[in-house]
Every structure is written in C-alpha cells, then in structure tokens.
Amino acid sequence: MRPAPLSPQAAIALPVLGAASILLTWQFLLPVLGVPAYIVPTPTAIFGVFQRNFALLVDNLRPTLIEALAGFVIGNLAAVLLAVLFVHNRILQAAYFPIVLFFNTIPILALSPIIILIFGLGMTPKIVIAAVICFFPTLVNMIRGLDSASDNEHELFRVLSATRWEIFRSLRLPRALPMLFSSLRIASATAVIGAIVGEWIGSDKGLGALIIQASFNYQSDRLYAAIVLSSGLSIALFSAVVLIERRLVKY
Amino acid sequence: MANAIETRGLDVGYGGRQAAVKVLSGLDLNVEAGSFLSILGPSGCGKSTLLRVVADLLDPLGGTISVLGDTPHAVRSRRDVGFVFQDSTLLPWRTVRDNVRLPLGVGQVSLTRSIEDRSDELLELMGLAGFGERLPHQLSGGQRQRVAIARALLGQPKLLLMDEPFGALDEITRDRLNDELLTLWRRTGTTILFVTHSIAEAAYLGERVIVLAANPGRLAKDIDMRPFKQDGNRCSREDPAIVAAMAELRTALERAS
Numbered sequence: 001m002r003p004a005p006l007s008p009q010a011a012i013a014l015p016v017l018g019a020a021s022i023l024l025t026w027q028f029l030l031p032v033l034g035v036p037a038y039i040v041p042t043p044t045a046i047f048g049v050f051q052r053n054f055a056l057l058v059d060n061l062r063p064t065l066i067e068a069l070a071g072f073v074i075g076n077l078a079a080v081l082l083a084v085l086f087v088h089n090r091i092l093q094a095a096y097f098p099i100v101l102f103f104n105t106i107p108i109l110a111l112s113p114i115i116i117l118i119f120g121l122g123m124t125p126k127i128v129i130a131a132v133i134c135f136f137p138t139l140v141n142m143i144r145g146l147d148s149a150s151d152n153e154h155e156l157f158r159v160l161s162a163t164r165w166e167i168f169r170s171l172r173l174p175r176a177l178p179m180l181f182s183s184l185r186i187a188s189a190t191a192v193i194g195a196i197v198g199e200w201i202g203s204d205k206g207l208g209a210l211i212i213q214a215s216f217n218y219q220s221d222r223l224y225a226a227i228v229l230s231s232g233l234s235i236a237l238f239s240a241v242v243l244i245e246r247r248l249v250k251y
Numbered sequence: 001m002a003n004a005i006e007t008r009g010l011d012v013g014y015g016g017r018q019a020a021v022k023v024l025s026g027l028d029l030n031v032e033a034g035s036f037l038s039i040l041g042p043s044g045c046g047k048s049t050l051l052r053v054v055a056d057l058l059d060p061l062g063g064t065i066s067v068l069g070d071t072p073h074a075v076r077s078r079r080d081v082g083f084v085f086q087d088s089t090l091l092p093w094r095t096v097r098d099n100v101r102l103p104l105g106v107g108q109v110s111l112t113r114s115i116e117d118r119s120d121e122l123l124e125l126m127g128l129a130g131f132g133e134r135l136p137h138q139l140s141g142g143q144r145q146r147v148a149i150a151r152a153l154l155g156q157p158k159l160l161l162m163d164e165p166f167g168a169l170d171e172i173t174r175d176r177l178n179d180e181l182l183t184l185w186r187r188t189g190t191t192i193l194f195v196t197h198s199i200a201e202a203a204y205l206g207e208r209v210i211v212l213a214a215n216p217g218r219l220a221k222d223i224d225m226r227p228f229k230q231d232g233n234r235c236s237r238e239d240p241a242i243v244a245a246m247a248e249l250r251t252a253l254e255r256a257s
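Those sequence lines, one after another, are chains A and B.
For what it's worth, the UniProt record's numbering labels the leading residue of the first sequence as 1, then goes sequentially.
For what it's worth, the UniProt record's numbering labels the leading residue of the second sequence as 1, then goes sequentially.
Keep in mind the hints are simulated off the structure, nothing from the lab.
Among the hints, a few may not be true.
[Unchecked claim] Short derived list, chain B residues pointing at chain A, Cβ under 8 angstroms:
(1) Ala74
(2) Val81
(3) Phe83
(4) Phe85
(5) Asp87
(6) Thr89
(7) Val106
(8) Gly107
(9) Phe131
(10) Leu135
(11) His137
(12) Gln138
[Unchecked claim] Using C-beta positions, here's what the derived DEER-type ranges look like:
(13) B/Arg8 / A/Arg90: 56 to 62 angstroms
(14) B/Ala74 / A/Leu248: 36 to 42 angstroms
(15) B/Pro227 / A/Asp147: 48 to 54 angstroms
Where a beta carbon is used, it is the ideal one built from N, C-alpha and C, also for glycine.
My request is simple: use the sequences and hints to build the entire structure.
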C-alpha cells in the first residue's frame, strides 16, 4: 500500500530539518575528523565570507547574472523561433535538424574556446555560451510540443476552416507551453553553468572567475561562497520560470 | 424532400490514386435533408472515412459527392457542417464556455456568414448552465461530450457529423445522451450522420440505419426504421419491432464482418 501523503506543514518542515541536520553534521564533524579548513571550510566560515566580502561577491555576481539572463533569453528565443520555422517547413527541418543535433554533440567545454576566439574577452562570448547551452533542449522540446496536438484536434480546426496562424495561436502554441516550460526550467540552471564556464576560460570578473581565483589561492571559504551564490542564482531563475509557468499554464 | 448528401460511385482510399488502399468503393448513398442516419459496420469498413469525406477532411479518389447541393469544401467554408469526435477534443486550457466559443475565434476569415455567440443558450440546452467557467478536466466524460456537441452546434450547422461520440461512455450516460440528442435533433432539424459500433444505439437513434461491409467498404444493408417508430422518430428500446430490426441488423453486421 502507498504511504499516506504528508501534511502541508510536514512537507515544508521535513526538508528544512533535513538541510539543517546536514549543515550541523558538516559544522561539527569536520573539526572532529581533522579536515583542514583549506580543503573543506565549515558552513559558518562560508557564511563569514558573505559578511566580510559582500561587496566583492555582489561585484562578481552582477556580470554572471547579466550573462546568464541574456544567454537564457537569447538562446531560448532563438530555439523557439527555429522550432516554429521547422514545424511549418518540413523540408527545412529535414535538411537542417540533423546538423543541429550533430552540433549539440560537441561538448560545451570544447566549443567555448572557439566562441571566445570569435567574440573576444568581453561579456559577449559568455552570453553566447549560455545561449548555446540553453538552445538545444528548448529546440527539441518546442518542436515536440508544437507537434503534440492530436489528429482529432487538427481535424477540428480544419472543420472550422482555421488559418495556419489560428492553428498556431490557438492550438500548437498552447499545446507546446508545458513542454517549453519544462525545458525553460532546465535552462534556468544550465544558463548559469554556461556563463560560469565562459568566465573560467577567459575572464577576471564574475562568479566563474572568482571560483578559479579562489581555488588557485586556496581560499576555500570564498570558493564555497561563490558556489553557494551561483546555486542561488540558478534557484532564483528557476523560481521565476515556475512563477510565470503557473500564471500561463493552467491545466 | 431534397437530399442533404448524394454520393455516386464514391471511391475513397489512402496512398494516392495509383497505389491506393481502397477504404470505400463505389458507394451510392442519398441522405434526406433533416433526417437522422445511423451508420454501422465492422472496424475498417470506412464509417469514419465517409464522415471525413463529407466534412472535407479527405478528398475522394473517384466518383462524385454533393453535400447540401454543393461541394464539401464550400459547405465547410460556410461552416454548415459540425463534427463531434469520439474523444470530446476539448482544449484543456480553455474553460467550458471558451471551448464552446472556439468557432467564434477561428476560421472567421473564410466564413461568409456571421456567427452569433449562443454559448450560454447552448450550455443551458445541454444541461451545463453553471459549468461555463470550469475546465474540461473538472467534467465527467458525458459532460465533456455535451460540451463538444454544444461547440459543434454554435454555428447552427445544417449537417452534424458524429463519429462514435458516445463510444467511451457508460451505458446509462449513453442512453441519457441518446435521448438528449434526439430532442436536440427534433428542435433543430439538423441532418445527422451518426457512426456507432452499437446496434442498439443505431436502431434507437436512426430514422434509417445503413450497414457498411469492409474490404473495401460498401453498402451491405439499408433499413428504413420509420415504419417501426412513432412520429418524431420516437420508440421504446424494448419495442418488439425495434428488437426485431436489431436482430436483422446484427445478421447484416455479422455477414459484413
């Protein structure tokens, strides 16, 4: 028999307690085991970085936020537009979709130096890397979503003499929204990864650059603080996507 | 009375004219305007295909077809045909009222006559007053089919095509919807083509029942039910004459399968 569902209070309290227990264990077990702070700092040491170096962290968060956000918007928008073109022109889809899929098999880490060679060292290559990493899952999901209306649904619109635009607006697009949002949720995390990878390869600003500098200098508490901040950035983007999804997808 | 549908030597198939798999072959059929025709037949006999040709969803390979004295395309463009599918085909993101109003939002470009918003009146007619703001997943299967019928009737079509609309419903709901459909038919005078797998449903609803045979689809039996019924296509399901007609239909269906 399936266990009874948790009460709403327990559903909130249990993950909080779970996280607290891990943090407490982490805090008190490390000194007991004799793990040096330059390898793994305690949670309070990481928290201390947020107090001492707040301005430094915010300074480095800003470029990463802009790159991830711009990459997220550009990559997903390009994917949606290409998906619309592909589902309305099967010849184009047959000719170019395999090439797009092949392009997707190139690891982003291998592609990043090329992008930096082309676009230089500013913010642009990071935005491009974040956009590229968001692009493929959204393209594939959007094509599937736009094609997911049933034969009967298409026949219903045909009986009503709907135009191509009306079929797109009133059938294909609403049908695609759940799949689009599931890829946007994934993209909210990968856009941040893209921006950070770009900063690793060629930048002195941003959370990616901060992670590299902190690890070279054995500033583990700063390294961990940068990791916490980049994770926070992903969570914020993810939450924004979920909020918009709840407003738009009501079924 | 004039014919709503006339077919002569109608051939329908898939795979193009040369290598076609014929679904319907040489079908000659007249359907009187304002009548209720039930179509029975084994799977693959072309029942649904016939409806799709009438609705201009499929082009015939050969023969002629006239719908309301015109081509199927012209009739579809005038929105003189309504279609109800086996699954209700309601759009899950639209409320019940907005689903009924779908014909107002699409296809207006090619439409040569205007359609009034009669959604509230139709929802009331289908016993769904007060359900307008619900979403389809909040309705039962029978209620969803009622919404689909209301949507098909919004444009006041002269011809209503129903492809096993009650096939997925339980027997009690199906019987109730059969009665409601007959009441609706008497009120509107719409010609109805009703495809079903149920002999009892075909006999109870139809003024006339045709049985199609398979491979390829052709007319196997044509029974005028009016002599077995009272005025207005009224009958009792237990009436011996209806039961006898059902037995005749069963024999025809067994031979056609």
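We went through each hint and held it up to the structure:
1. A distance limit of 8 angstroms between C-beta atoms decides the matter here; for B/Ala74 the minimum to chain A is near 11 angstroms, and the interface restraint is violated.
2. For the restraint placing B/Val81 at the interface with chain A, the shortest Cβ-Cβ distance is roughly 7 angstroms, inside the 8 angstroms limit, so the hint holds.
3. Because the closest C-beta pair between B/Phe83 and chain A is about 5 angstroms apart, less than 8 angstroms, the hint holds.
4. Interface restraint check for B/Phe85: the shortest CB-CB distance to chain A comes to about 5 angstroms, inside 8 angstroms, so the restraint holds.
5. Because the closest C-beta pair between B/Asp87 and chain A is about 6 angstroms apart, less than 8 angstroms, the hint holds.
6. Checking B/Thr89 against chain A: minimum C-beta separation of about 5 angstroms stays under 8 angstroms; hint holds.
7. The restraint placing B/Val106 at the interface with chain A holds, with a minimum CB-CB distance near 4 angstroms, inside the 8 angstroms limit.
8. Taking 8 angstroms as the C-beta cut-off, the interface hint given for B/Gly107 holds, the closest approach to chain A being about 4 angstroms.
9. At its closest, the beta carbon of B/Phe131 sits 16 angstroms from a beta carbon of chain A; the interface hint therefore is violated under the 8 angstroms criterion.
10. For the restraint placing B/Leu135 at the interface with chain A, the shortest Cβ-Cβ distance is roughly 6 angstroms, inside the 8 angstroms limit, so the hint holds.
11. With a cut of 8 angstroms, the hint placing B/His137 at the interface with chain A holds, because the nearest CB-to-CB distance is about 7 angstroms.
12. Residue-level restraint check for B/Gln138 is violated (minimum Cβ-Cβ distance to chain A is 10 angstroms; threshold 8 angstroms).
13. The beta-carbon spacing between B/Arg8 and A/Arg90, approximately 36 angstroms, falls outside the hinted interval of 56 to 62 angstroms.
14. Separated by about 39 angstroms at the C-beta atoms, B/Ala74 and A/Leu248 satisfy the suggested range of 36 to 42 angstroms.
15. Judged by the Cβ atoms, the range 48 to 54 angstroms given for B/Pro227 and A/Asp147 holds: they are separated by roughly 51 angstroms.
Hints 1, 9, 12 and 13 from the earlier list are contradicted by this structure; the remaining hints agree with it.
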